[in-house]
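**Q** Spelled out, the chains give:
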Amino acid sequence: MAAFLAGIHYNAWILPVLLLIPTIGAVLVWAHGAVAGQGEAASMTARRLTLATFVLEFVLSIGLWWSLDQQSADWQAVFDAPWIEAWGTRFALGVDGLSVMMVLLTTFLMPLAILGGWTSVKAKVHAYHALMLLLTTGMLGVFVAKDLFLFYVMWEVMLIPMYFIIGIWGGERRIYASLKFFIYTMAASLLMLVAIVYLGIMAGEPLGRPTFDYDAILALNLPPAATFWLFGAFFLAFAVKVPMFPFHTWLPDAHVEAPTAGSVILAGILLKLGTYGFLRIALPFFPGVAMYPAVRTAIIALAVIGVVYGSLVALVQPDIKKLVAYSSVAHLGFVMLGIFALTVESVQGALMVMIGHGLSTGALFLLVGIIYERTHTRLIDAYGGIAKVVPLFATILTVVALSSIGLPGTNGFVAEFLVMIGSFRTYPMMTFVSATGVILAAAYMLWALQRMIYNKLDKPQNAALRDLNWRELGLLVPILAGILWMGVYPQPVLNRMEASARKLVTDVTRNAERQQASMMMGGR
Amino acid sequence: MLLQEAAGAAHPLSGTLAEWIWLVPALPFLGFVVNGLLSLVPATHLGPADPSAAGHEHGQAGHEDRGAHDDHHHVTRHRNAGIVSLVGPAVLGLAFALTAAIFIGMLGAHAEAPFVRTLFPWIVTGDLTLNAALQVDQLSIVMTMVVTGVGFLIHVFSVGYMQDDPGYPRYFAYLNLFVFFMLVLVLGASYPVMFVGWEGVGLCSYLLIGFWFTDKANADAGKKAFVMNRIGDFGFLVAMFLLFANLGTLDFAAVSGRAAELGEGGAVITAIGLFFFLGCAGKSAQIPLYTWLPDAMAGPTPVSALIHAATMVTAGVYLVARSAAIFSLTPVASLTVALVGAITALFAATIGLKQWDIKKVLAYSTVSQLGYMFIGVGVGAYSAGVFHLVTHAFFKALLFLGSGSVIFAMHRAFHHTGSHADAQDMRNMGGLRRFMPWTFGLMWIATLAIAGIPPLSGFFSKDEILASVFARTSHSTLAEASWAGIPGSALLMLIYVLGLAAALLTAVYMTRMMLYTFHGPNRSGDAERSHLAEAPWIMTIPLAVLGVLSATGGLINLPAFLGAPAQKLHHWLEPVTGAASMHITHGEEAHLALGTEMALIALAVAIAVAGMAYAYARLKPAALVPKDQSPAAHGIERVLEHKYYVDEIYDRTIVRPVVALSRRVLWRGMDTGLIDGLFVNGSAYFMRSLGWMGARLQSGQVGTYAWVLVIGVLAVLGAFSLS
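Residue numbers (our numbering), protein chains in the order written: chain D, 1 to 524; chain Z, 525 to 1247.
Some hints could be false.
Taking lysine-lysine and the DSS-like style, the derived pairs with C-alpha atoms no more than 30 Å apart in a straight line are [what the hints assert, rightly or not]:
| id | chain 1 | residue 1 | chain 2 | residue 2 |
| --- | --- | --- | --- | --- |
| 1 | D | K456 | Z | K1151 |
| 2 | Z | K740 | D | K459 |
| 3 | Z | K878 | Z | K1151 |
| 4 | Z | K740 | D | K456 |
| 5 | Z | K1151 | Z | K740 |
Bear in mind the hints are in silico, worked out from the structure with no lab data behind them.
Turn these sequences into a full structure, and let the hints guide you.
**A** Right, dumping it as structure tokens:
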């Protein structure tokens, strides 16, 4: 396989092509809508065209699994073209162990998300699908950007389609939720833009023009006083996106109001852009601040609070989508713990949670969407005993819920186990507290499961529910396969991320000491 | 690692049948896949999708409501029942045969080190190396034989017991999956692989307790079991984190070899021991995490026999024995294990005195006997603990299956007459010996065994534990240590006394159960009586096999004073636990003078006989009346009947406060109140009022501000690039 990919120069063109395909797809879908109108047949064409685009995108992206050198922690499949020369920005792309699985997760989830909304999205079908495609370009762009300005542009490109997706195709309180989502993230990322511009100018000084090249900025020797503000700017942007406690309150509203596919993408991919930002930018660029004991401890404390707080609040949610949203706060808390504990095991664990949460929470939202389409309610208490009438749905929901609470044999266990066993080496007490999340997760998830699918089937309106159809089964089975595969044999995935995780840990540890030493000298 | 590989290359078992050990768990897994797929095929038409027909009110909440009773008029046998009846037990039979063959191969091999079969790398990253690897040694093979052997008998019994249940294939799928995870638990070569089985059996337990999930009480019981087990699993996890942080490995062989590096008696090794024991308390239902096990009786009775008596709940005992190298170096943790075991043994036995549900009696009896096993492994008599584990698997499986036969018969009788009386309440039974002589006789064998009457199996294993405690009250690291200021020797004496007291109560409540169930007049009702009969042979034959084992199981580890083939199990386990055991007793076998030992045995037997005699003299089955005519209990009896109100206490002091805190303080107060209300929306109002103050210069929309800011920054940037 690797030889074949080398033969077609796969690495040379794959990244720009991956960004281009959804963009072209978006234009085509939009144009088709403009020409063919909003009829039923035209809508179906829009769905099929979008699905075909995403399937093509996924098939093409799979090559990354084989084409990348597992031993290398450097940028790979690099593509570099001039963009806005006067500003020194370039259209520079690349992947490494930190991003490759995120790219694959995105291309894997997108077709499933489209299938998930196949029958539930009935209005403005063309616009919806065009925005979905555009959103994909934005998300993939963030993951593969090797130029910080490009990174920022993609970051915002992704924001706008999501704003419309929630605001137009969302639930009852969609306007409030979408505005909250937009302002929250927008306000938080503005400071990041300022920071990026500052970094670009600083890095460009020797050249006489700005440069936003990742490696050039990484090599910068920043004035210690500036690093605090810069780190703060990035921290705010990423922490809101993650979302870390206490910046998380946009998430429950956005999750609940978004249409199924929106929730899947929000939880499955968008949140990971925040943690990815920490891995890619905040830690490597400003190790002196990130590893500064007070800062590091404070962030880890917020992460652990997120785990416990998210789980406790999830326990009492009457709305299943809100429950899943708060469980996301808890899971992402584990990711942040793993990242800032900074051992190879904990960072690998964080990456595994990022992938695993994408699968299991993505599947949870798909399942909720499936049952919502039949009952039009998200209230847990409106169900009860439905395992009797929808056994397939109940079986799959159970497996996914178990993966979400980290049962061994599923991805959830491998991921959380790695985070905790790695973090315990540097932050034993914090990890100890976070481990109680294991208990709480079982409590909120199994309680909800019981009230939904077990107990007595006592609501007459649920007695005639339809079980999964072939489309629904077909979109869930691949996720189930992923959940079990990553639980039983995660080694191939770990191998692909190992070199980059190791490099991150050693570089940040080493540079943190250097930067902190210069801070001491500069400060006193 | 290198050492292990070198040992593996020259291992006497390499190249033998032991290489095929992976097939032992693989067979039940195959059964799970086959039966699981068959269960997805709809059974028969499950009746109209009318919720009122879906669940049938039956008996008191929390009681076994057999699925076949969804409809009183016809039984719904699953269309795939035939193939399921074959596959389900057959995979267990084959697994047992293979295990026995491997065991026979081990008899002549004299393997001093475990044989590790590595299948594939599981989680290898950073400094962590975890392989999917199975370990064959003297301890794991004993456990595997119990799991597959007793498991096979219970599977066969289930064919009869569950035959008319519409969820028949699903039942066998879960049961096969359970055995798979149980085998992973006992065969895993490292703590994390064991943990896979550990949580996996918990999952199957959850699924099987809630097998008849349309009854809320059953679903509640399943959830309670899972969550309480998770509290224990939290301890297991933390112990693993501590091990890895201090030793850098989680493989059994490496940990056993290097446990001394943790520092004998130090804080770290004590913490590891105590956190592992928290795991044991969850899985093996010890104080304070025992309350899920009695509720777990909501599952089908063969499940109670297999999971909640013979195998899964003994996993904690196995964990302590497996970690003998660690526990032997921390007297404080070891004494805690023994003390908690002793207190649990007595405490649960007192509750068993006043239960009316036949399965609840056996459930508290199980909690109590598990406490006994922990006394054994806690005082470093690892082989004694495992010995009791094995004999208990025989006689308790027999008792549960026997009670299953009784319930089956009662249910059938009530079914015929359409009665809604409780088929599990002993007040509705009585005099069953006339109707089910086989079950009656076999259950009495098991009762005498658990009560400790010689020469039945339970006598030997219980005596071995009590003698071990007594022997260690002097000349042992435990006796010389101090536990919370109490001298170890005094604590051991207390444990011994608690053990004796529990033995007395065991004899009492077991005799009571037998008297009320099988003796005296029959109270089931005149119409029902004519329908009472022995269960079919497919259920009685497993009982008979277990009866033989319960009677003769003591042979595997006869006491030393009986001469030649004595202490076979003890010597067999020596390569695994011998060194740790000897460490506690200062390098020599714990030994009692023959006179002392005889005196102790006489005392124990006298106590058992006294307990039975007391129960026989005091309890009058003839005076009992059926459940619905019985008066309410008073005073201490009432407290016992309500299990000391521990469930209620947990609910008021833990469950409700946590839910209230989460709802009122965290969610409504913090989340929607403080963060969202004050900061987020508050700042939006602030912005809006700013906009109002700025008259019509701005729109007041925060979104507009955001865009203005973007454009502004871009303009600055553009200006810069031009200059």
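**Q** Now tell me if each hint is right for this structure.
**A** Tested hints:
Under the criterion of a C-alpha separation no larger than 30 Å, the hint pairing K456(D) with K1151(Z) is consistent with the structure, at around 26 Å. For the proposed pair K740(Z) and K459(D), the alpha carbon gap of about 14 Å is at most 30 Å, so the pair holds. Under the criterion of a C-alpha separation no larger than 30 Å, the hint pairing K878(Z) with K1151(Z) is consistent with the structure, at around 14 Å. Restraint check: the Cα-Cα separation between K740(Z) and K456(D) comes to about 7 Å, which is no more than 30 Å; the hinted pair holds.
Taking the CA atoms of K1151(Z) and K740(Z), the gap is near 23 Å; set against the 30 Å cutoff, the hint holds.
Checked against the numbered hints above, the structure violates none of them.
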